[in-house]
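Q: Taken in order, these protein sequences are the chains called A and B.
According to the working numbering, the residues represented by the first sequence are 1 to 478, in order.
According to the working numbering, the residues represented by the second sequence are 1 to 421, in order.
Source of the hints: derived by calculation from the structure; they are not laboratory data.
By construction, the Cβ of each residue, glycine as well, lies at the ideal position given by its N, Cα and C atoms.
Be a bit skeptical, because a hint or two may be false.
Under 8 Å between C-beta atoms, here's a sample of chain B residues computed to sit facing chain A [what the hints assert, rightly or not]: (1) ARG35; (2) LEU82; (3) MET85; (4) GLU120; (5) SER138; (6) THR141; (7) GLU176; (8) GLY177; (9) LYS181; (10) ARG222.
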Amino acid sequence: MYDVIIIGAGVSGAASARELSRYKAKICVLEKEEDVCCGTSKANSGIVHAGYDAAPGSLKAMLNVRGNEMMEQLSKDLDFLFQRTGSLVICPDEEGMPGLQKLYDRGLANGVKGLKILTREEISAMEPNITDDVYAALYAPSAGIVCPFGMNIALAENAYMNGVEFRFNTEVQDIRKTEKGYEIHTGQGVFHTKCVVNAAGVYADKFHNMVSKKKIRITPRRGEYCLLDKNAGKHISRTVFSLPGKYGKGVLVTPTVHGNLLIGPTAVDIRDKEGTNTTREGLDEVISKAGQSVKNLPMRQVITSFAGLRAHESGAEFIIGEAEDAERFIDCAGIESPGLTSCPAIGEMVAEVLKEKLRLEKKEDFIATRKGILDPNTLAKKERDELIRQESAYGNIICRCEMITEGEILDAIRRPLGARSLDGIKRRTRAGMGRCQSGFCSPKTMEILARELNVSMSDITKSGGNSRLVAGFTKDLL
Amino acid sequence: MKNYDIVIIGGGPAGLAAAVSAKRNGIDSILILERDKELGGILNQCIHNGFGLHMFREELTGPEYAQRFIDQVNALGIAYCLNTMVMDISHEKVVTAMNRTDGLLEIRAKAVILAMGCRERSRGALNIPGYRPAGIYSAGTAQRLVNMEGLMPGREIVILGSGDIGLIMARRMTLEGAKVKVVAELMPYSGGLKRNIVQCLDDYGIPLKLSHTVVDINGKERIESVTLAEVDATGKPVPGTEEEYSCDTLLLSVGLIPENELSSGMGVQLNNVTSGPDVNESLETNIEGVFACGNVLHVHDLVDFVSEEAKTAGKNAAAYVKGERSAGGGREIRLKPMDGVRYTVPISIDTARMSEDLTVRFRVGAVFRDCYVSAYFDGERAVHTKRRIMAPGEMEEIRLTKEQLLKYPDLKAITVKIEEA
Chain A
1 MYDVIIIGAG VSGAASAREL SRYKAKICVL EKEEDVCCGT SKANSGIVHA GYDAAPGSLK
61 AMLNVRGNEM MEQLSKDLDF LFQRTGSLVI CPDEEGMPGL QKLYDRGLAN GVKGLKILTR
121 EEISAMEPNI TDDVYAALYA PSAGIVCPFG MNIALAENAY MNGVEFRFNT EVQDIRKTEK
181 GYEIHTGQGV FHTKCVVNAA GVYADKFHNM VSKKKIRITP RRGEYCLLDK NAGKHISRTV
241 FSLPGKYGKG VLVTPTVHGN LLIGPTAVDI RDKEGTNTTR EGLDEVISKA GQSVKNLPMR
301 QVITSFAGLR AHESGAEFII GEAEDAERFI DCAGIESPGL TSCPAIGEMV AEVLKEKLRL
361 EKKEDFIATR KGILDPNTLA KKERDELIRQ ESAYGNIICR CEMITEGEIL DAIRRPLGAR
421 SLDGIKRRTR AGMGRCQSGF CSPKTMEILA RELNVSMSDI TKSGGNSRLV AGFTKDLL
Chain B
1 MKNYDIVIIG GGPAGLAAAV SAKRNGIDSI LILERDKELG GILNQCIHNG FGLHMFREEL
61 TGPEYAQRFI DQVNALGIAY CLNTMVMDIS HEKVVTAMNR TDGLLEIRAK AVILAMGCRE
121 RSRGALNIPG YRPAGIYSAG TAQRLVNMEG LMPGREIVIL GSGDIGLIMA RRMTLEGAKV
181 KVVAELMPYS GGLKRNIVQC LDDYGIPLKL SHTVVDINGK ERIESVTLAE VDATGKPVPG
241 TEEEYSCDTL LLSVGLIPEN ELSSGMGVQL NNVTSGPDVN ESLETNIEGV FACGNVLHVH
301 DLVDFVSEEA KTAGKNAAAY VKGERSAGGG REIRLKPMDG VRYTVPISID TARMSEDLTV
361 RFRVGAVFRD CYVSAYFDGE RAVHTKRRIM APGEMEEIRL TKEQLLKYPD LKAITVKIEE
421 A
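Construct the complete structure from the given sequences, taking the supplied hints into account.
A: See the structure below:
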């Protein structure tokens, strides 16, 4: 019998697991995919919002501001990339000023620090590539950018270090209320638990509705993005949003923590909870709208495009806490933007609820920090040379675009909750995430995976399940 | 810090031929840096024949062609490091490289020859919509998997793009027992050599659909089908022409991009059309003593011409190191591509430094039949050669002689263009 079972190993599930791992409790995370960070958490803007968007008093507003405040220390404790770069909301004309002022006022009410409305001159001094059609902008110095994979993986690894179990390829099929708690039926057997945390992203409604009569509805809201080469990464240095205006809701343009440029997302409600495909219309929209706020975007530098699904709940608010008519079933639902920013605070909130429910006691041996995969590019030449002498795999470059060594890939596979697929390695090390999009390194990475996992090359997958990379061996079909 | 007269970045066909040429022109201190586990570069995975027709008057496979140069490198005692990645080259020609045994290496070079080759354009660069399942490979990656690792990327194949590697892979996959359903090409003409269309598609009954592209990729885990559609003259898909092809693999052969991250890092000026360095008659970049050849300079169709170009680069680098090069400062003549000519290599000629004759290589932007390649020396037409057919997939060249240029003492620019009959 578990004390807590968390459904979903995305950022909310992982943040909840990590916060709960401070306490003496038996905790397990069930994840339908083969790895952490496989749903909404892996395909989003990677923005740490300042907190001026949500209505004052809402959970979204509160947790956004709190999450933003926690982010810097958390990124140091858990060794993931975060940069407080600041953001701008672009207002194209005088008619937009009341809207901009409203954001400013909301920000103040929500407790966002340092907000300032900038003039056209101030903006172009700050960001020379902002469109000439700018009238004013809201500057939020506390906004930032984060590596969503890095944060999710760090939270999960730290939770694991502190005793949380993770079960992958374990899809929840049914949840039944029992006298002592819940019975969770999965493709890998039945699990018993006193409490459930429903952090299932776009599927959170399905699980909530299994135990509660007060139905909720999560609509997958698709957002498409284009990612540009690092050559374009310095085009702007802050996240640039557009004020919703005469062209409808704009898209953002942002540098990423790794030095790429990201543009997007669109916002289209769809039915298919697995509908992470991009569309011609969506990509065209991203490209045309991004050009409205930032000029001279080098669109020839696009290296990939992708789509993510926001878990949009009909009330447009986070639903966090015990379901009204299902005791010990804790929802963590409707976690759309600013979910990534809020997740450290969401984890805190979930843990707080469960601490009360289960009267949990703090552990004395909680490990609050975690070291990520060493990036040899951050070392001085002498240190790097020394590292290669100690571990020669760090002298072998596998991904030439991102300059990722075999040493980093081995670390990604061998560490707790290690990578089991090409995408798992990509999210942990960036191997394959560069301009050639894994053309050169995928055969080499596959070979390392096969060797380390002691499986055949034909068993290596892109992302688990049936995503096998090769169909067999030559001459098989002859 | 080690010191070499010439450091060559890349041990593929360009690097090898440049090394041999530099050595034969009197330079002993040469180092080739190769990132892969053997010399030969991309030729090692090109196990089909057709290499060397111009260079050796023989039909060789890729590895055989490479071996001819590797043998010369070994016979001449030229030094090379394998499994060694160049991380950075400074403007002052200090090369920082890395491998397992030596750790970080710093090498000071008097001259550098850039010979890093090219990479394949990816799906992302084309912004093809759809899912992102397993089973989407660039043709070159698939070629490596099949020819070097003995792995089959899939069984039912659709190929987008009719570049040479895609055509070669259509044949290879067929020979390995896979079913190649169709090759789609966005342009109204093929991007590859005519001989490859005949020998790799026609001979195996594989349909080539010109003016078609992939408009959707289906399948969440492994690719299940792709949707092709016809495109109009502007390259936009025509609604209503969609056709779905079930397949487990999509190969992309949609263009090659010279890999010039190291070059631009050291301050080498790149050309917008070729994505390779702008070079003068000596194949020297804007940085003195830094030369470029092969696919890093501009993408070639035939390795024979890579070797020829690299030989020139090696010879010029040797002359530079020995200080035997003319001081230059003769007239600098600019080469200007126009009317159907997309670019020229080189982009400028210093008559004081040019050899007796000079090959100017270029590509055309469309298919031309029964046209002339003309070169105007300032206003005067000095070259006018008839070509039965020219296509973007086949590199063209004209030859200029020093004698010819010296006849025009005030010459400022040579315009290369295509003219109707």
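Q: Going by Cβ atoms only, is ARG222 of chain B closer than 8 Å to chain A?
A: holds, 5 Å
Q: Double-check MET85 of chain B for me: the hint is only fine if its C-beta lies closer than 8 Å to a C-beta in chain A.
A: holds, 4 Å
Q: Quick one, is the GLY177 of chain B hint okay against chain A at 8 Å, beta carbons?
A: Hint holds; GLY177 of chain B Cβ to chain A Cβ min 3 Å, cut 8 Å.
Q: Interface hint check: LYS181 of chain B, Cβ to nearest Cβ on chain A, cutoff 8 Å. Holds or violated?
A: It is violated, given that the least Cβ distance between LYS181 of chain B and chain A is near 15 Å, above 8 Å.
Q: Is the interface hint satisfied for ARG35 of chain B? The criterion is a beta-carbon contact with chain A at less than 8 Å.
A: The hint holds - ARG35 of chain B has a Cβ within 8 Å of chain A, the shortest such distance being about 7 Å.
Q: Checking hints one by one. Is GLU176 of chain B an interface residue toward chain A, by the C-beta closer than 8 Å rule?
A: It holds, given that the least Cβ distance between GLU176 of chain B and chain A is near 5 Å, below 8 Å.
Q: Taking 8 Å as the limit, does the beta-carbon of SER138 of chain B come near enough to a beta-carbon in chain A?
A: At 5 Å from the nearest chain A Cβ, SER138 of chain B passes the 8 Å test, so the hint holds.
Q: Closer than 8 Å between Cβ atoms is the bar; does GLU120 of chain B clear it against chain A? Give me holds or violated.
A: This hint holds: GLU120 of chain B lies near chain A, its Cβ roughly 5 Å from the closest one there, short of 8 Å.
Q: Does the nearest C-beta of chain A fall within a distance shorter than 8 Å of the C-beta of LEU82 of chain B?
A: Violated - the Cβ of LEU82 of chain B stays beyond 8 Å from chain A, reaching only about 11 Å at its closest.
Q: Is the hint on THR141 of chain B kept, meaning its closest Cβ partner in chain A is under 8 Å away?
A: Constraint on THR141 of chain B satisfied, holds at 5 Å.
Taken one by one, the earlier hints fail for this structure at numbers 2 and 9, listed in ascending order.
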